[in-house]
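Can you make the complete structure from the sequences, with help from the hints?
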Amino acid sequence: MSLTNERIQQRLTEKFGDVLSGFEEPFGLLTLTAQKDYNLKVMQFLFDDEELRFRFLTDITAVHYPEKKNEELAVVYHLHNLQDNIRLRLKVFTPVTKPDVFTATSLYESANWMERETYDFFGINFVGHPNLIRVLNVDEMTYFPMRKEYPLEDAMRIDKDDEMFGRGGNI
Amino acid sequence: MLDQKQHIKLPEGSIEKDTTTLNLGPTHPATHGVFQNILEIDGERIVSAVPTVGYIHRAFEKIAERRPYYQITPLTDRLNYCSAPINNMGWLLTVEKLLGIEVPKRVDYLRVIIMELARIADHLICSSVMGVDTGALTGFVYVMTYRELIYEIYEEICGSRLTTNIGRIGGFERNFTPTAFAKIERFLAEYPAVLKEFETLLTRNRIFMERTQGVGAISAERALSYGFTGPNLRAAGVDYDVRVANPYSSYQDFDFTVPVGTTGDSYDRFLVRNAEMWESISIIRQAMEKLKSLPADVYHADVPAYYLPDKKDVYTKMEALIYHFKIVMGETDILPGEVYNAVEGANGELGFYLISDGGRSPYRLHFRRPCFIYYQAYPELIKGSMLSDAIVCMSSLNLIAGELDA
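Residue numbers (the UniProt record's numbering), protein chains in the order written: chain W, 1 to 171; chain D, 1 to 406.
Derived from the structure by calculation, the hints contain no laboratory data.
For each residue, glycine too, the CB sits at the ideal point set by N, CA and C.
Any given hint might turn out to be false.
Said to hold, decoys possible - Derived EDC-like pairs (lysine to aspartate or glutamate); straight-line CA-CA distance at most 20 Å:
| # | chain 1 | residue 1 | chain 2 | residue 2 |
| --- | --- | --- | --- | --- |
| 1 | W | K148 | D | E65 |
| 2 | D | K62 | W | E67 |
| 3 | W | K68 | D | D357 |
| 4 | D | K97 | D | D357 |
| 5 | D | K105 | D | D297 |
| 6 | D | K383 | W | E109 |
Unchecked claim - DEER-style ranges, computed between Cβ atoms:
| # | chain 1 | residue 1 | chain 2 | residue 2 | range |
| --- | --- | --- | --- | --- | --- |
| 7 | D | Q213 | W | D100 | 41 to 49 Å |
| 8 | W | E14 | D | Q71 | 26 to 34 Å |
| 9 | D | P192 | W | G28 | 35 to 43 Å |
As the list claims (entries may be wrong) - Rough simulated footprint, nothing fancy, chain D against chain W, three-plus residues with beta-carbon under 8 Å:
| # | stretch |
| --- | --- |
| 10 | 45-57 |
| 11 | 109-118 |
What follows is the structure, given as structure tokens:
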């Protein structure tokens, strides 16, 4: 139980230096951002290192920030060190025009479907993934529905006047 | 002599193939849910399997981006609908973590009671359905009486049975009634004998053991690599339980053990679930004991900006009316922040990754659904086994279609 967020940050900065940035601890969970091409290297180090031992992949997902130019899509990894019971959140930002990120399937079997799901909803192209096809949506779908440019409800609907509810027509 | 043109054209290679393609599902009665598997079988041995998921995908993550926080609780009901209260609590705990709300001890204990009841209801279905799939319907019908009693307890607390929408941000919508406590006491008094009888029916039953031992086995290493959590991981011998690793809702106040298996096969998963039901009973007993020393009228935290006020206050007090209006219209802004919170769901670590930008609804909400993550191991688990073993393996994994597809 000796592993602390400070120690992890120190080890990672020693190894990678400028590649990593944005260290924060929201609600005690160490969060960091890696440069786009280094996500797999960072995860490989976190996996292999005898002190860090982040060998359990909890979750992979993505977030779309349309206003961030050239970093519209964030891929978020939640890793877990089960021995020391400490979690870590790794983020990689990628432009929406070329959303290529290296796959983590070589490290974790569970990454397979998680990455397929992330591809399915955000269109992240996981380079090196063995079977990157849609998993929950229909195969014929041509767009990535969780991106922010697809609002849930048709904003052009005319049968429902939001001004009647004091919201000026757009929520 | 038939003319060459009259022959049916078969696809290239379809006659030379040694194996048969079999579509198991999506609406097969033995899969207990909408699961499709395209199996390649050689006689009755499975050579390969390709699972197809997404038949009941309802885009909850997208819907959640347009809903105020208190309206997302009903969406979580529909993930793992066999233990909806755990999902509700997991979501509420995530929001409370983001807002920094400390709930009173009594609320924690009431939540623990309801979560453990839900865990029993979920494990009960899974274990008894394993009996059904191996040809023993009696146990299933017998224990249903007690799942029914658990549903009656839910009904007494929140008014609904399956998709419960139980609890609010900060606590419960109303206090537990004396009838609810009486029903919990009745459950605690009667259920142990029933569970014991259910175990005598199956645990050392030669037919059941032959059908489940060695079926769908996975090593601890592979299970971790596949992201297994919950009873399926513990059956493989890894003692990871979110209730112990990162206690929430005052689980640290309770004394319980985490049962583990050794081989990771269907039989061990069955044993682990049964052992967990005994632990859950013990936790509920402890919680009922702890409740006696706490004031009986506390059932929510004092957070007027997020917790709906009493109806009579709304009609008589100005502040209550304002808060009521703001909450119901979804005009309450939530603090910006990024939080991951996990609870021990009935079939694994149920995580909620929530990003709030300060608006009325989440900027992004992602559910870490244990079913979705461990179902990808299914082809590996059933490879080389018989077709009927694949069915047993599937029910022993406790796959819930609603959680798988979200």
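Checking each numbered hint in turn, tell me which of them this model violates, lowest number first.
Violated hint (a single one): 8; every other hint is consistent with the structure.
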